Structures are given as C-alpha cells and as structure tokens.
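Protein chains in written order, with our numbering: chain W, 4 to 655; chain B, 461 to 757; chain G, 8 to 270; chain S, 11 to 368.
No wet-lab data here; the hints were simulated from the structure. None of the values given here were measured: they were computed from a predicted structure. Any given hint could turn out to be false.
Derived EDC-like pairs (lysine to aspartate or glutamate); straight-line CA-CA distance at most 20 angstroms [as the list claims (entries may be wrong)]:
1. S:Lys-20 - G:Glu-128
2. S:Lys-20 - G:Glu-148
3. W:Lys-529 - W:Glu-545
4. S:Lys-237 - G:Glu-148
5. S:Lys-20 - W:Asp-27
6. S:Lys-207 - G:Asp-112
Chain residues, written in single-letter form:
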Amino acid sequence: MSEGIETLDTFPKLLMHHARVRGDAPAIREKDLGIWQTWTWREFADEARFLACGLAEAGLKRGDHLALVGANRPRIYAAIAAGQCLGAIPVPLYQDAVATEMAFPLRNAEVVHAIVEDQEQVDKLLEILPQCPTLKHIYYDDTRGLRHYRQAELQAYDALLARGREIYRRDPAFLEGEIAKGRGSDTAALFFTSGTTGTPKGVVLTYTNLIERSKVVADWEHITDQDVVLAFMPPAWIGQNIFSYAQPLVAGYCICCPESAETVTTDMREIGPTYYFAPPRVFEALLTQVSVRMDDAAAPKRWLYHYFMEVARRVGERIMEGKPVSLIERLRYWLGDLVVYGPLRNVLGMSRIRIAYTGGEAIGPDLFVFYRSIGVNLKQLYGSTETSVFVCIQPNDKVKPDTVGPAVPGVELKFTPQRELLIRSPGLFKEYYKNPQATMEVKDAEGWFHTGDAGYIDADGHLKIIDRAKDVGALTDGTLFAPKYLENKLKFFPYIKEAVCFGDKNDKVCAFINIDMEAVANWAEKRNLAYSGYVDLASRDEVYALVRECVEKVNADLAQEKEIANSQIHRFLILHKELDADDEELTRTRKVRRRFIGEKYAPLVAALYDGNQSVHIEAQVRYEDGRTGKISADLRIADARTFPPAAAVRAA
Amino acid sequence: MNFFIEVVAGGLLAGVMYSLVALGFVIIYKASGVFNFAQGSMVFFAALTFVSLLERGWNLWLALAVTMVAMVLVGMLIERTVLRPLVNQPPITLLMATIGLTFVLEGVSQLMWGSQPHGLELGIPDVPIEWLSEKWNINISQFDLFAALVAGVLVAVLAVLTQKTRIGRALRAVADDHQAALAVGIPLQHIWAIVWAVAGFVALVAGLMWGVRNGVQYALTFTALKALPVLILGGFESIAGAIVGGLIIGASEKVAEVYLGPYVGGGIESWFAYVIALLFLLVRPEGLFGEKIIDRV
Amino acid sequence: MDRGRPIGEVLLAVEGVSLAFGGVKALNGVSFDVYSHEVRAIIGPNGAGKSSMLNVLNGVYHPQQGRIRFRGEEFRDMDSHHAASLGIARTFQNIALFKGMSVLDNIMTGRNLKMRCNFLEQALWLGRARREEREHRRAVEQIIDFLEIQHIRKTPVGRLPYGLQKRVELARALAAEPTVLLLDEPMAGMNLEEKQDMCRFILDVNDHYGTTIVLIEHDMGVVMDISDRVVVLDYGRKIADGTPEQVRGDQKVIDAYLGVAHA
Amino acid sequence: MLYREAGQFKSTYGEDQQIFPILQDRIAIVALLLVAFVVVPLVGDQYWLSAILTPFLVLALATLGLNILTGYAGQLSLGTAAFMAVGAFMAYNAMLRIPHMPILGAFIIGGLCAAAVGIVFGLPSFRIKGLYLAVATLACQFFVLWAINRIGWFSNYSSSGVITAQRMEILGYPIDTPASKYVLTLAIVVFMALAAKNLMRSETGRAFMAVRDMDVAASVIGIPMMKTKLLAFAISSFYCGVAGALYAFCYLGTVEPEAFVLDLSFRVLFMMIIGGAGSILGSFLGAGFITLFPIFLNLASKWLENALGMEIPHALVSNTEAIIFGALIIFFLIVEPYGLARLWQITKEKLRLWPFPH
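The task is simple: from the sequences and hints, build the whole structure.
In structure tokens form, the structure reads like this:
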C-alpha cells in the first residue's frame with residue numbers, strides 16, 4: 004500500500020519508509036579516520052531497529068525518557084530513532100553543559116536510560132549520579148579510556164547493539180508492532196530550554212508538531228532528497244535538531260557530521276552543503292575571521308578585495324534578487340564574482356548553498372547584507388522551541404535586512420496592546436513537562452502562545468521584532484527602549500564581541516562593552532601597541548577611543564530612526580572579562596542574560612548613571628576547569644557624542 | 461727493468477701535475493666543506509689570462525702579478541656571490557652550485573680571451589736532459605723537475621701556512637666546525653675570502669704548469685675530473701694526501717697504460733684512475749688520511 | 008593500577024654486555040631482563056650509557072662482549088634491520104623523522120615490513136598494490152586517531168612543533184605493530200601538559216596493544232608513576248634493578264644521582 | 011582563484027590517494043594530454059616536432075630517471091649519459107641481432123641492459139655516500155663510453171662508431187614521420203611518468219625518500235638499505251636507458267658515442283635542479299626550461315641583431331648561453347632549492363586559498 008505522508012505520522016515510520024524507498028542513498032556521513040564514512044538509509048534504519056530491541060530488553064518501555072548527551076555523531080541520531088521506535092521520549096542534552104546543569108532535566112524527566120558519546124560525558128553523569136536516583140543505565144559509544152571503569156550502570160553501546168541484533172533476528176514482529184503503535188499525537192521529544200530566567204523548562208513536542216511543520220517548509224522551499232546539510236551545532240538545540248533529524252526524515256536529504264569542533268571550517272569546505280542554518284554569532288565569527296585574514300593579505304589583493312566588496316555592497320543584493328542594474332555595474336559584479344566573491348564563497352564552503360537561514364537571535368543588518376551581497380541566499384527565520392522553530396521565513400524574492408518575513412503557511416499572528424506577539428500554529432508545543440503553571444502562563448485557552456517578544460507587522464506584511472517584550476522598556480521621556488536592537492548594532496563591529504544596554508526607566512542609555520580579543524589584538528599589533536593580557540588591553544585609552552568611534556557610528560544610525568532617536572548611547576565602559584555562560588552571564592546559546600548581569604554588576608550600572616569617571620570592581624570568576632578565582636580592576640567610563648535626531652549628518 | 465723505472469718516473473711526474481690541481485680542491489674543502497668542481501675552470505681561466513697577457517707583449521713577471529691579483533679577486537667574488545648565500549646547505553647542493561660555476565667561468569674566459577688554444581712558453585726547456593737519458597736512458601726534462609720543485613715549494617708553503625700561522629689555525633678551526641669557529645670570534649667570511657684567494661693562486665700555478673705541458677685550451681677544465689680520484693685516495697681534507705694520492709694515480713695510470721693498455725685496446729687512462737679510487741674507497745671509505753666517519757645516533 | 012594484560016615471562020634479556028668506543032667503555036658487563044607486557048624503565052645520570060644500551064638492543068651499536076636473548080633466541084649482537092623484523096621498534100632521543108615527507112607518509116613508512124607487493128605491481132598500480140595501500144592506510148588511520156593527530160595528517164613533518172614531532176615518531180614506531188617498543192627519552196624538552204599527554208599515550212599503548220615498553224627517562228616523577236620495574240645505570244655499570252619503590256630507596260642510586268665520589 | 015573545491019569530499023581511501031584529488035586538476039591534465047596527443051601532431055610543424063618537442067620529451071624522461079635516483083633516493087649520479095648510451099646501443103643491437111624484434115621490445119631490452127649497468131655501478135653505494143658516490147657514477151660514465159668506442163660489437167664494427175637507427179614499425183604502421191615519432195615518444199614518456207608517480211606514492215617511493223632523508227632511521231624501521239639503493243639505481247637506469255633508445259631512434263636517427271658525453275649528464279642534472287629535485291612534474295618543467303631556453307636566446311640575439319643592425323658572432327651567443335645556464339643554476343639553488351616544481355606548488359596553494367593570504 005503506498006504510504007501517503009498522512010500515515011507516516013511518526014519518525015520511525017518515516018525512517019522505515021526511506022529505508023524502503025531510497026535504501027542505498029546516503030542518509031548520514033561522518034568524517035572519521037580521514038575519510039567521510041557513509042551510512043545509507045537502510046543502515047540507519049537497521050542500527051535504529053537493533054538498538055531499539057537492545058533497549059527494549061534492557062527495560063526501556065513506551066513513555067519512558069531516554070537521555071542523549073553527545074556531539075553530532077551518526078549514533079546519537081540512531082539512538083533518538085531507536086527510542087522513538089519503542090515509543091520512548093528522547094531528551095537531548097547539551098554536550099558542552101557543566102554536570103550540575105544536567106542534574107535537573109534527568110531528575111525532572113525521571114530518566115532511567117542514557118546514551119552518551121564518550122568518557123567526558125560518562126564522568127559528568129557519574130558525578131551527578133547521587134542527585135539522579137532514577138538513572139540506572141548509561142551506554143557509552145567511544146570506549147577510549149573507559150576500559151577500567153567498573154561501575155554497574157555502565158555498558159558499551161556496541162554490546163547493546165549486538166544483543167539487539169540477536170533479538171531482532173529472532174523476533175522482528177515485536178519491533179514492527181511497537182513502531183506501528185506510534186501515533187502522530189505521541190510525544191516525539193522533550194527539549195529543555197535554557198531560558199534566560201529560572202530553572203530550565205521541558206518543552207514537549209509531538210510528532211505532528213515537528214513533522215507537519217518540517218513538511219510545510221520543505222514543500223515551500225522545494226527541499227528534496229538531493230540536498231545536503233552540515234550538522235555542527237549542539238543536537239540538543241531545537242534549531243539543529245530540526246535540520247539534522249526532523250526535516251531530513253521528512254524530505255530524505257543527507258546530513259554530514261564534522262570530524263571535530265576544530266575542523267568544522269575544513270569539513271564545511273569539503274562537503275559544500277546546499278541547505279544551511281546557524282545562529283547570528285556564527286555568521287559574525289566568520290565575518291570577523293574574513294576581515295582579520297584579509298587585513299593580513301598583501302596590498303594589491305587587499306585593494307582588489309575592498310574595491311569589489313564596495314561593488315557588491317552597491318549592487319550585490321539587487322542582482323541576486325533580479326532587480327534592474329546598469330550594465331557596467333553588472334559587468335563589474337560578474338568580474339567581482341570571478342575574482343573575489345566566487346572564491347570567497349568557495350573557501351567558506353558556501354558556494355553550493357541554495358538556502359541559508361539565520362535565526363535564534365536578531366542579526367545585525369550590515370552583517371546580514373554582507374553575506375547576501377557576495378551571493379549567499381541568507382534569509383531571516385523566526386521561531387522558538389515552543390513553536391517547532393518555523394514561524395516566519397523570508398521568501399527568496401523579498402528579503403529585507405531588519406524584518407523576519409511573513410508567517411509560514413498555517414501560522415496565525417496577533418499582538419497584545421503592549422505589542423507582545425501571540426502565535427497559533429500546528430507546530431505549537433503540547434506543554435511544559437510537569438509544569439502546568441508555566442504552561443498556563445504562556446498558552447491561553449484559545450491556544451495562543453505568548454512569545455514574550457515585542458514587534459509589529461510592516462507595510463510588506465513582514466513581522467519586525469524589536470526586542471524581548473519584558474526587556475522592552477521606555478526611557479523617562481517615554482521613547483521606546485529596545486536593548487537587543489542597540490546591542491546588535493554595536494556587535495556588528497568586529498571589535499565588539501558582546502554588549503549590554505541599560506536605560507529602562509532612566510533618562511539616558513548606557514552600555515557595557517566586551518571587546519573581541521582576537522580582532523582587537525590584531526588591531527593592536529598593527530599599531531604595535533604592547534599589552535599584557537585581556538584585562539590590560541581592555542583598559543587601554545586607544546581601545547577606548549576605538550570603541551567610542553563605534554558607539555558614535557551607532558548613535559548616528561539611531562538618529563535616523565525618529566521613534567528611537569534619543570535612545571542613543573551616552574556613556575559606556577569596557578568590561579574587564581568576557582561575559583561567559585559558565586558564569587551564568589550568558590545562556591548556553593550565548594544570549595545575554597540582561598537582568599542577571601544588571602544585578603551582578605549593579606555598582607557598575609550605578610557608576611554609569613551618577614557620572615563619575617571610573618569605578619573599582621571586585622568579581623568572582625569561574626575558570627574552565629571549575630576552579631573559581633577573584634578579579635579586581637578599575638574600569639574607566641567614557642562619554643560618547645550623541646546627535647540631534649533626523650537632522651544628524653552621517654558620522655565620519 | 462730500466463724501462464719500468466722510466467715509466468714509473470714519468471707517471472710520478474704526471475702525478476705531480478694532478479697533485480697541483482688537487483691541492484686547490486683540498487684547501488677549499490678543508491675550510492668550507494665544499495667540493496669546488498669549478499677549480500678546474502679556475503685553472504683554465506688563470507692559464508688563459510696569463511698567456512693572453514703574454515701574447516699582448518706584457519713581460520712575464522708583470523703578467524704573472526696581474527693574473528695573480530685577478531685570481532684573488534675571482535676567488536673572493538665567488539665566495540661572496542655563491543658560497544655565502546648557500547652557507548649551510550647540504551654538500552650535494554654546494555657541489556651542484558660549483559658545477560654551475562664551472563659553466564659560468566668557462567663562458568667568461570672564452571668570452572674575454574676567445575677560445576683558440578695557445579702554446580705557453582716559460583723559457584724552461586721541456587726536452588729530456590741528455591746526460592740522464594744516455595746513462596740510465598731516463599728522459600726527464602728540466603721542466604719536469606721544475607714542476608716537481610714548484611709542487612714541493614707550494615706544499616711546504618701551504619703546510620707552514622696552515623700549521624704554524626694564526627690564520628692557519630683559524631682556517632683549521634673553521635674546517636672542523638663553522639658554528640664553533642664563529643662562536644670564538646673567528647671572522648668566518650674573512651677566512652673564507654682568504655681561502656678562496658689562496659685557491660685562486662694555486663689554480664694559477666697549476667694552470668701554468670699544465671699550460672706548458674699540454675697547451676692552454678678548453679680541455680684544462682677537465683683537470684677537475686682528473687683531480688677527483690686523487691682526492692679520493694688522499695682524502696678530501698689532507699694536503700699531504702693530495703700529493704701522495706696524485707703520485708699514486710699518476711704512476712699507476714702510466715703503468716696500466718703501458719702494460720695493460722694494449723690488451724684492452726688502449727685509451728684506458730680516462731677511467732682507470734676512477735677504478736683505482738673506487739677499489740680504494742671500498743676498503744677505506746674515508747681515504748688515506750681522512751678521519752673515520754662515525755654515525756652518531 | 009590494574010591493567011589489560013597480566014605481565015608475562017621474560018621476553019628480552021641482556022647478559023654481560025660491554026660496549027667501548029675506542030677505549031671509552033660506554034657499557035661494562037650489564038645484565039637485566041624485560042618481561043612481556045611490562046613497562047621497564049632505564050634511568051641513570053647523564054652519560055651513564057642509557058642510550059648506548061638502547062642502541063645495542065636494536066642493533067645500531069654492536070657490543071664487544073655479552074649476548075642478547077629475545078624470545079629464547081640468542082644473538083651475539085643484533086643488526087638493526089633484523090631487530091625490526093623481530094618486532095623491536097624504537098623512537099630516537101633527537102627526532103629522526105623523514106623531513107621530506109608528510110606526517111601520513113612518515114607513519115606509512117613504519118609499515119614497510121608488512122607490505123608484500125613488489126615495485127612492479129606498485130608502478131602499474133595493480134589491484135593488489137591498490138588494495139594493500141588502502142589496507143595499510145586504514146591501519147595507520149587507527150593510530151592517527153589513537154594519538155589524536157588527525158589535524159596534522161597532511162602537514163610536512165618539518166613544520167611541526169617539537170611535541171607533535173615526538174608524537175609522530177611514536178606513531179611511526181607503533182605502525183610496525185611491535186612487540187617491544189624502545190623509547191629514548193620520549194618526554195625530553197616537553198612542557199607539563201605535553202608530558203601528561205605522552206604518559207597517557209604510553210600507558211594506552213601498553214594497555215591497548217599489550218606492547219612491552221623499554222623507556223629511558225630522566226623525570227623521576229614519570230618513572231615512578233608509569234614503570235613496573237627500573238634498571239639504574241651509572242658509568243656503564245648496573246647499580247640497581249627492581250620496582251620503583253625499591254630503587255628509590257637504594258643508597259647507591261642516591262649517590263649516583265647526587266654525585267658521591269666513586270670507588 | 012580558479013579552484014572551486016567546495017563539495018569535493020573523499021569517501022574512500024582510494025579517492026583520497028589519487029594522483030589528482032581536485033576536480034579542476036583532473037580537468038587540466040586531461041585537457042593537456044588531449045592537446046599533446048591530438049592537436050600538436052596535427053598542427054605542429056616539422057621543425058617544432060622533431061627539433062624541440064621530441065628532444066624535450068626524451069630529456070624529460072632522462073631527467074625523470076635521474077630524479078628517481080638523486081631527487082627521491084638521494085644518491086648523487088653524474089652518469090646519466092652513460093646509461094642512455096647503453097640503452098641506445100643495446101636497443102640498436104637488439105633490432106640488429108634478433109630477427110623481427112618489435113621496436114618496443116628493443117627499447118625494453120635497452121632499458122634492462124642499462125638497469126644492469128646501473129646495478130653494477132650502484133654496488134659501491136653500499137659503503138660510500140654523498141660526494142664519494144659521484145665518483146662511482148663518473149667511473150661508469152667514462153668506462154661505458156670507453157667500452158662502446160673500443161668494443162666493435164656494439165656499433166656493429168662500423169669504422170666511425172656511428173650507428174643508424176633501424177626503421178621503426180608498430181603493428182604494421184611505419185613510424186618515420188616527425189609526427190609519428192613524436193606521438194610514440196609521448197606515449198612512452200606519459201606511461202613511464204605515470205608508473206613513476208605510482209611508484210613514488212607507494213611503499214617503494216616512501217622507502218626511497220626514507221633512505222634519502224635519514225638512512226639510519228630507515229634501516230631501524232626495517233627498510234633494507236642495500237636492496238632499496240640498488241632498486242633505485244636499477245629503475246633510474248632503466249628510465250635513462252629507454253630515454254637513450256628514444257634519443258637514438260626517435261630524435262637523432264644516427265648516433266655515435268660522443269652524443270652521450272659527460273656534458274649531457276650535466277645538462278640532465280641541470281634540468282633536475284632547475285625543474286625541482288624530488289618531483290615528477292619538476293622533471294618536465296626542468297627539461298622544458300633547458301630545451302626552450304637556448305631557442306629563446308637565439309631568437310633574442312637575432313632580434314638584437316636586426317635591432318642593432320650588426321652581426322653577433324656565434325661564439326658570443328654560445329658563451330653567453332653557458333654563462334646564463336651556470337648563473338641560473340646558482341640562482342635557483344639560492345632562491346628556491348626545490349626549483350620550478352616548488353614555485354608551481356606554492357602558486358597552486360595560493361590559488362586554492364584565494365582570496366585569503368597564503
């Protein structure tokens with residue numbers, strides 16, 4: 004019987020369908036032992052089947068939670084599929100999270116079985132074992148270094164797989180039966196959001212949520228089984244999971260796992276993906292790397308690069324969107340493509356990209372335009388874990404730098420009087436796991452989801468997000484204060500890595516600035532400015548002058564937009580240390596936790612507003628290996644020139 | 461039996477000529493570890509310059525002095541342009557560089573003085589001495605003796621120069637270990653310049669002697685090939701070795717030519733010296749006087 | 008520290024070995040044995056003859072007196088080529104890598120004893136040669152993965168920092184799948200972190216592949232940590248032999264290191 | 011700039027080890043071969059085919075032979091011309107004395123004889139190294155030349171020692187026109203270059219390079235020193251032998267021992283140094299450079315002549331040629347000891363990294 008997409012309502016069913024229809028096509032590739040090892044769909048399905056049987060015999064039953072901790076490896080995706088075959092609920096966790104951060108989800112979801120990648124993750128789980136009484140079985144894939152571990156909970160993934168192969172061979176019907184029991188409404192997966200406040204919340208997403216949304220977008224963007232995706236972000240992040248598990252099972256395309264975190268750039272160039280998704284900071288890091296390396300190039304090559312980038316800035320995007328452009332400019336752009344943009348896209352591994360999304364956070368407009376101008380079809384995507392990612396996507400022919408595009412088919416948008424965005428869509432999550440109270444807060448009776456983001460629909464029907472609803476404040480004179488919007492403008496400059504703006508219920512806006520060590524160090528070397536380390540460099544007058552220049556450029560831009568003209572930045576200081584997720588100043592996906600920073604550095608904020616020139620700071624810092632230490636420094640506070648609204652002349 | 465002595469004596473005298481050329485190689489190799497293949501073309505250049513000046517009516521001593529200065533300059537120029545940039549390259553690269561140098565020097569010499577062969581007359585008769593040839597009918601010419609004398613004097617001067625004088629000691633230090641010599645403050649470049657100048661002088665002497673015997677013509681450059689077996693036998697670093705090696709090769713070549721030649725169709729002098737050197741090498745890879753090479757791991 | 012394989016009987020033994028370089032007695036009647044799967048350390052002050060001992064074991068130097076026994080077979084002296092075929096591999100004190108080749112080629116050269124194709128098959132790139140090249144490449148990749156040097160696989164060896172060159176040399180020695188691995192000061196000139204890595208690798212090799220290790224090392228901390236038994240040489244003579252604890256307490260060893268006047 | 015490598019990943023070791031892993035390189039080499047095999051014979055005029063391209067290919071093959079011995083295995087040899095002479099004369103004798111001997115068979119016999127001579131004169135490499143080894147090959151150079159001149163059998167007792175290459179024919183097609191000779195030479199040279207490349211990327215090649223870089227370490231890891239060195243001598247001399255046979259049959263037509271004097275050994279040595287020791291491509295680049303350079307010089311001097319309107323003596327031209335050759339050798343050894351091949355490799359790396367700096 005031909006399975007229409009309707010009857011394939013769970014991922015295991017989809018997997019078995021692909022194994023039948025395109026059994027020999029590549030499903031997953033992994034760079035290992037020097038070459039790209041390939042799993043066909045049939046091998047992927049078999050691994051999932053055998054693993055499922057092994058897990059079933061080990062006691063994993065329908066409705067149980069199966070924790071997964073590890074980087075992008077074929078076996079982590081096989082483990083997710085295996086769990087779902089038995090109706091169990093996979094719970095992917097961040098592989099770079101600290102042990103204590105994993106305790107809550109494991110306890111909350113009463114996890115009994117966990118499949119992890121290597122000794123590093125095993126050690127983390129063993130460390131928090133006392134706090135997770137339910138955790139009984141830990142299966143590890145990479146045996147390196149685990150030879151002498153004798154804990155009862157530990158078992159090798161290969162042993163589990165081998166036993167599973169035996170069981171399946173003896174009695175395949177059992178598993179086929181379990182798979183058939185699955186329904187679209189069952190829970191497909193449980194994603195714990197790090198969230199900027201309080202304990203993490205477990206988002207329950209059903210098969211229909213994920214499959215339906217993936218299907219709609221795949222058809223809308225003509226994604227086929229010929230497409231290729233490189234999976235390099237943590238699998239526990241919904242953004243990565245959608246593109247490297249949910250949608251490939253819908254569309255049948257191939258995902259590729261890099262050899263290690265260090266080799267992502269070379270692997271990206273080797274694979275040349277056609278379908279790409281990454282948060283803005285990845286694009287930022289790439290741009291910084293490009294500009295730093297181009298600075299080192301020889302003078303003629305540098306001149307050539309800047310000349311043609313200027314041409315691209317002028318006409319690049321218009322040509323890509325097919326808008327009319329003069330013949331001479333078109334010729335110059337064609338030459339530029341041969342000499343600069345083509346090779347640049349190629350070296351970055353982006354020359355085969357058909358569709359590239361950026362999402363998870365707002366992206367600075369100039370950064371966004373840079374990639375489009377060199378011919379990368381980068382588009383904004385808006386969504387969250389609760390909405391199965393896809394809410395708004397910009398269409399190929401109508402891409403604007405500061406909006407997130409119209410709603411995806413099947414999604415309805417509405418605004419509260421305070422301009423908070425409400426969403427209703429088939430992709431909406433069922434509930435927060437064991438947290439009905441939190442579910443009630445964000446999901447009202449008619450099924451509308453309160454996103455917590457503030458924004459409006461512009462003339463072209465594109466949604467424009469200005470900021471987090473709760474962060475959107477107002478200055479004493481009532482003007483709109485959108486900190487995220489200001490911070491993005493600051494972060495566009497390669498020298499500024501992170502920025503935190505304050506201004507709600509104050510008369511003027513002030514900001515903390517984090518310099519980007521790599522870019523500023525390179526800048527300092529060019530001017531042979533000696534410095535001993537991060538703290539010393541950050542306190543230099545020349546660096547303050549450099550940052551002031553950037554702030555004043557942002558102020559000049561802000562002066563153009565009348566509604567937020569006087570939320571220009573009056574005073575700023577450069578922080579003595581990089582804001583870090585380990586010190587809980589950033590979320591796991593490096594979003595700024597503004598309220599927490601405001602409380603932690605309250606004396607600094609106060610100093611900004613009471614006008615003195617410097618402030619002493621004593622702060623506790625946690626190092627890479629968990630030890631904590633004390634840092635004390637005197638931070639200078641500088642003033643930045645502001646511009647009269649609208650009539651402002653463009654800053655030098 | 462008498463004939464045998466004469467053949468050996470003739471061979472020995474030919475050997476002297478080989479030694480003269482070999483000396484030039486030893487001096488440079490001793491100080492810089494470079495096997496200077498271009499020594500042959502330096503001999504040719506020196507002889508050609510000297511004889512051309514003579515033909516232009518210069519008096520003998522003046523021509524000699526000018527050529528002498530020219531050779532010293534050429535030596536220094538080579539050291540400056542070729543050797544200094546290649547200072548710590550492997551010996552194989554340095555050898556190839558000197559082969560390149562050979563072509564340059566040949567081109568320059570023929571460019572300056574044309575390429576017709578010239579006879580060279582030093583006023584020393586090259587005719588066998590009568591009373592020697594009648595009594596023991598050994599025909600050795602006055603020139604042969606003169607050549608042997610010159611070789612002896614040259615060796616003595618060089619031996620004194622290297623053993624006794626300050627420059628000599630510096631020269632031997634540089635030969636052992638460049639870095640160490642530099643460390644104790646020996647001006648390496650200065651020493652090498654001197655070394656190449658001395659080599660230039662030795663080339664001149666060899667050029668004169670060979671010039672008189674076989675005339676000054678292109679074939680002189682191939683004296684380098686003649687000197688190679690001599691150096692193999694005597695060892696690349698030892699002056700004494702160059703002399704002894706030269707004599708052995710000269711004598712054995714002549715003997716082989718006379719006794720072995722006819723059976724094999726003659727003309728064996730082109731390769732016979734090499735065969736001797738090869739056999740010798742298999743027995744003592746470092747030559748007569750060279751130190752034993754130990755591979756420290 | 009429990010371990011993958013139990014320590015077996017005597018694999019390699021040296022009896023009354025004496026070695027002299029023109030009058031200078033580098034080794035003077037040295038005898039000791041090495042059990043299979045053991046980590047055997049050779050220590051002693053500079054110039055005690057440690058490296059010479061290693062060079063005798065693998066045939067680079069030929070001793071004047073004494074005998075070498077390997078797996079019961081007796082040798083007047085060992086020749087380095089034969090030692091390699093018996094499964095004795097080694098690394099050098101000052102790195103002996105092939106500068107003209109990449110990391111991968113250097114390690115592949117380690118496998119030359121296992122290659123069967125003759126030069127004609129290789130020249131015509133026949134099936135057998137192609138398959139053999141692929142088989143050995145896969146084995147070498149396991150070692151590259153094991154020593155975590157994937158990121159420098161195609162770099163010319165000359166360009167690598169000291170620590171990595173040491174690791175490549177270990178990889179080349181491992182490529183020959185030796186039964187005995189002679190390490191000549193593998194951690195000389197390394198910083199703390201590199202030393203820890205190298206110790207981990209050596210223990211992994213001994214544990215994972217079961218290779219017997221003969222190790223020359225100065226750092227007493229390292230010797231105490233990772234070796235099962237220790238031989239102490241001083242002026243070419245064996246002055247102590249036993250477990251690290253026994254050797255550490257032995258007065259003769261302390262004197263040797265602290266330089267007490269010799270009889 | 012010209013490379014578009016994105017998307018070219020390797021999923022098997024076979025793909026990873028191929029000679030030209032990048033697609034653009036494969037396209038370039040196929041195009042080059044097509045032009046060389048099809049376009050050039052059709053379009054090329056007699057002079058270019060017989061006087062420039064064929065000798066270039068023959069000398070490239072000889073340089074390749076020398077490269078195997080000196081570039082890859084590190085054994086210095088000054089006897090290339092002698093091995094070529096053995097190849098030429100033995101091929102001639104094979105055609106002469108063995109009834110209806112196929113021409114390719116004769117070339118192979120020539121090569122094998124040269125290989126035998128190579129092994130004999132390679133024996134000393136067991137005890138002596140470096141400069142001293144140059145002596146063994148020089149001995150070979152003089153001895154072989156002397157033998158061919160003295161022993162009449164080689165030149166079929168011709169009074170002048172000159173031999174005329176027999177008529178060549180393969181499967182019935184006569185090979186007598188410059189174009190057919192060129193194609194035959196090209197086919198043989200390309201096949202042997204491919205064989206050399208395969209050799210160098212497999213175990214034998216690695217053994218050669220190991221012996222070159224550090225022979226003590228090589229023997230300690232099990233590489234048989236003597237066998238490897240002799241193999242290097244044998245293969246290298248085989249290549250020079252075949253080159254010698256082609257030199258006689260496809261290029262000169264009539265040949266005498268004086269065509270293979272020490273000067274030819276030096277010319278081939280120059281080609282290896284300038285082209286780049288230790289690189290298959292280097293042999294071709296070096297041979298190309300040294301063959302084309304004198305022609306370029308002549309053209310320049312003719313242009314100079316009619317520009318200045320006065321006759322330039324031929325001696326002047328040949329002398330300047332020698333001077334420039336020698337100077338070039340020294341220049342390359344100082345600036346880029348690995349020759350044109352390394353310059354080509356750096357340019358390629360720059361193109362692959364474009365627009366980023368190298």
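Status of the hints after comparison with the structure:
no.	hint	in the structure
1	S:Lys-20 - G:Glu-128	violated (25 angstroms)
2	S:Lys-20 - G:Glu-148	holds (15 angstroms)
3	W:Lys-529 - W:Glu-545	holds (13 angstroms)
4	S:Lys-237 - G:Glu-148	violated (28 angstroms)
5	S:Lys-20 - W:Asp-27	holds (18 angstroms)
6	S:Lys-207 - G:Asp-112	holds (15 angstroms)
Against the hints set out earlier in the document, violations occur for numbers 1, 4.
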